[in-house]
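Numbering-wise (the working numbering), the sequence shown opens with residue 1 and increments by one.
Hints were generated in silico from the structure; no laboratory data involved. If you're wondering where the values come from, they're calculated on a predicted model, not measured in any experiment. Any given hint could be a false lead.
Here are the computed distance ranges between Cβ atoms for each label pair [unchecked claim]:
no.	residue 1	residue 2	range
1	S85	Q110	16 to 24 Å
2	E34	R82	19 to 27 Å
3	T80	A56	39 to 47 Å
4	T67	D113	15 to 23 Å
5	S117	E64	40 to 48 Å
6	S109	L35	38 to 46 Å
7	T80	S109	34 to 42 Å
8	S117	F19	28 to 36 Å
9	Q97	A56	41 to 49 Å
10	T91	R20	38 to 46 Å
We put the CB at the ideal spot given by N, CA and C, even for glycine.
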Amino acid sequence: MLTSDHFEGVATLAEWEDFRRLADEIQEQFGRFELVSVNQTETAGVPLGGGQFGRAVRNELSREQLTVLQTAYQMGYFETPRKASADDIATELDIAQSTFSERLRLAESQLFDLVFSGDEDSVTTD
């Protein structure tokens, strides 16, 4: 994010030395560099904000599921308090409320599969 007096960004680099060189160049060019946080991962990749997750979701869900999710989101179904009911969204989509609910449950299930697949060890129970 660029404002009149600073820039905030995310950098994904394979090696710490690559980051150090980048930081040195920024400081040399602009006179100041502040590192706010560091996250280390086993594999480098595009941050979620880079659209990678959205592309994965669009590839995994059916057109009907995506339409239900997008319409529900845009109409405020997931907000607290809800701005739209299941009936409101079903009416907007010209489908039965039961069809809306079924598609939404299937879409949510697939989303959770994407988020939690291969991650069995990350959730601990006491």
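**Message:** I want to verify a distance hint. Is the separation of the beta carbons of T80 and A56 within 39 to 47 Å?
**Reply:** Since the Cβ atoms of T80 and A56 sit about 26 Å apart, the hinted range of 39 to 47 Å is violated.
**Asked** Cβ-Cβ distance between E34 and R82: within 19 to 27 Å?
**Response** With a Cβ separation near 41 Å, E34 and R82 fall outside 19 to 27 Å, so the hint is violated.
**Prompt:** Within 40 to 48 Å or not, the Cβ separation of S117 and E64?
**Reply:** Given a distance of about 22 Å, which is not inside 40 to 48 Å, the answer is violated.
**Request:** Take a look at whether the Cβ-Cβ distance between S109 and L35 falls inside 38 to 46 Å.
**Result:** Check passed, 39 Å falls within 38 to 46 Å.
**Prompt:** For the pair S85 and Q110, does the Cβ-Cβ distance stay inside 16 to 24 Å?
**Reply:** holds, 23 Å
**Asked** When you take the CB atoms of T80 and S109, is the distance between them in 34 to 42 Å?
**Response** Hint violated: Cβ distance 22 Å, outside 34 to 42 Å.
**Item:** Outcome for the supplied range 38 to 46 Å, where the beta carbon pair is T91 and R20
**Value:** Cβ of T91 to Cβ of R20: about 57 Å, so the range 38 to 46 Å is violated.
**Asked** Between T67 and D113, is the Cβ distance one that fits in 15 to 23 Å?
**Response** holds, 19 Å
**Asked** Is the distance from the Cβ of Q97 to the Cβ of A56 consistent with 41 to 49 Å?
**Response** Roughly 29 Å apart at Cβ, these two residues miss the hinted range, so it is violated.
**Message:** Given the hint of 28 to 36 Å, is the C-beta distance from S117 to F19 inside that range or not?
**Reply:** With Cβ atoms ~30 Å apart, the hint holds.
Checked against the numbered hints above, the structure breaks hints 2, 3, 5, 7, 9 and 10 and satisfies the rest.
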